[in-house]
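Protein chains: 2
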Amino acid sequence: MTRSRPSDLFPMMAQALEEARAAAARDEVPVGAVLVDARDGRLLARAGNRVEGDRDPTAHAEMLVLRAGAARLGTPRLAGCDLYVTLEPCAMCAQAIALARVRRLVFGAYDPKGGGVEHGARVFDHATCHHRPEVIGGVREAEAGDLLRRFFQARR
Amino acid sequence: MTRSRPSDLFPMMAQALEEARAAAARDEVPVGAVLVDARDGRLLARAGNRVEGDRDPTAHAEMLVLRAGAARLGTPRLAGCDLYVTLEPCAMCAQAIALARVRRLVFGAYDPKGGGVEHGARVFDHATCHHRPEVIGGVREAEAGDLLRRFFQARR
Numbered sequence: 001m002t003r004s005r006p007s008d009l010f011p012m013m014a015q016a017l018e019e020a021r022a023a024a025a026r027d028e029v030p031v032g033a034v035l036v037d038a039r040d041g042r043l044l045a046r047a048g049n050r051v052e053g054d055r056d057p058t059a060h061a062e063m064l065v066l067r068a069g070a071a072r073l074g075t076p077r078l079a080g081c082d083l084y085v086t087l088e089p090c091a092m093c094a095q096a097i098a099l100a101r102v103r104r105l106v107f108g109a110y111d112p113k114g115g116g117v118e119h120g121a122r123v124f125d126h127a128t129c130h131h132r133p134e135v136i137g138g139v140r141e142a143e144a145g146d147l148l149r150r151f152f153q154a155r156r
Numbered sequence: 001m002t003r004s005r006p007s008d009l010f011p012m013m014a015q016a017l018e019e020a021r022a023a024a025a026r027d028e029v030p031v032g033a034v035l036v037d038a039r040d041g042r043l044l045a046r047a048g049n050r051v052e053g054d055r056d057p058t059a060h061a062e063m064l065v066l067r068a069g070a071a072r073l074g075t076p077r078l079a080g081c082d083l084y085v086t087l088e089p090c091a092m093c094a095q096a097i098a099l100a101r102v103r104r105l106v107f108g109a110y111d112p113k114g115g116g117v118e119h120g121a122r123v124f125d126h127a128t129c130h131h132r133p134e135v136i137g138g139v140r141e142a143e144a145g146d147l148l149r150r151f152f153q154a155r156r
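As they're listed, the protein sequences go chains F and E.
Just so we're aligned, residue 1 is where the first sequence starts under our numbering, counting upward by one.
Just so we're aligned, residue 1 is where the second sequence starts under our numbering, counting upward by one.
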């Protein structure tokens, strides 16, 4: 088993943060995600939220990279893949990550109000969840959280 | 307030069951869903599971009708809509239903192994869930359950 230091996870989270900033510029809630093939480190997909632009209630950044990555690999099962996202996933995205059998989930800010991994539904913690990824939270947490705070403050 | 008798819900569930049977014929887990505009009773979308065919881990019947209905209405918010599905939704679909602000969820069979409404994550029962639809379970439950049992028995 290889051990990851948190700093090993920074370059991929940097790309997720870029997607979050691009989402904010489009007036979308600033969350970004990337999907990586963990076998060779290849970036499979990157996206920011597109709920408003796509008029799609399911178009969270995590869903978009799962769908794009599965399309690219030609399979709905992403067992060799890691997902990086700037915010703790909601219950929808957490269950999608489990259904896709993602190897590892790395997220930035914790989300006590809407999160479904460490808060609320805690999707991975039930017997009805048939795959639990490795979970690493709090990676570049301050940057991810600041983006969200600034976005919502500007809208009040 | 109008009261619904369970039998009022049968015609829409019949269409969801048709979609579930069509999914089985495509070798997909037989679950079907329809989305209805509750203001005028208009059918907005109907779909069966397409996870394998679309190579999309998120392509559950519920997600497909939410996405198609939102595209048709031109908004990610489906507050005036009801969703009928043959099986209790998983946590992904339950949270998507909450995010879309669906008015009422009607489902067929209960799913103790994978459900996220009455089992497991119980997505609607947490403070992190900002919209709870009206929920009616067990409508044409036996037919929906039989379809699933026959499908999985044939594959053992």
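Hints may be right or wrong, so weigh each one.
Here chain F is said to cover these stretches of chain E; the calculated rule only asks that three of the stretch's residues, wherever they fall, bring their Cβ under 8 Å from a Cβ of chain F [what the hints assert, rightly or not]: (1) 18-25; (2) 52-62; (3) 74-81; (4) 113-119; (5) 130-138.
Quick caveat, the hints were computed from the structure, so don't treat them as lab data.
Every residue, glycine too, gets a C-beta built ideally from N, C-alpha and C.
Violated hints, by number in ascending order, as checked against the structure
Per hint list: 1 and 5 violated.
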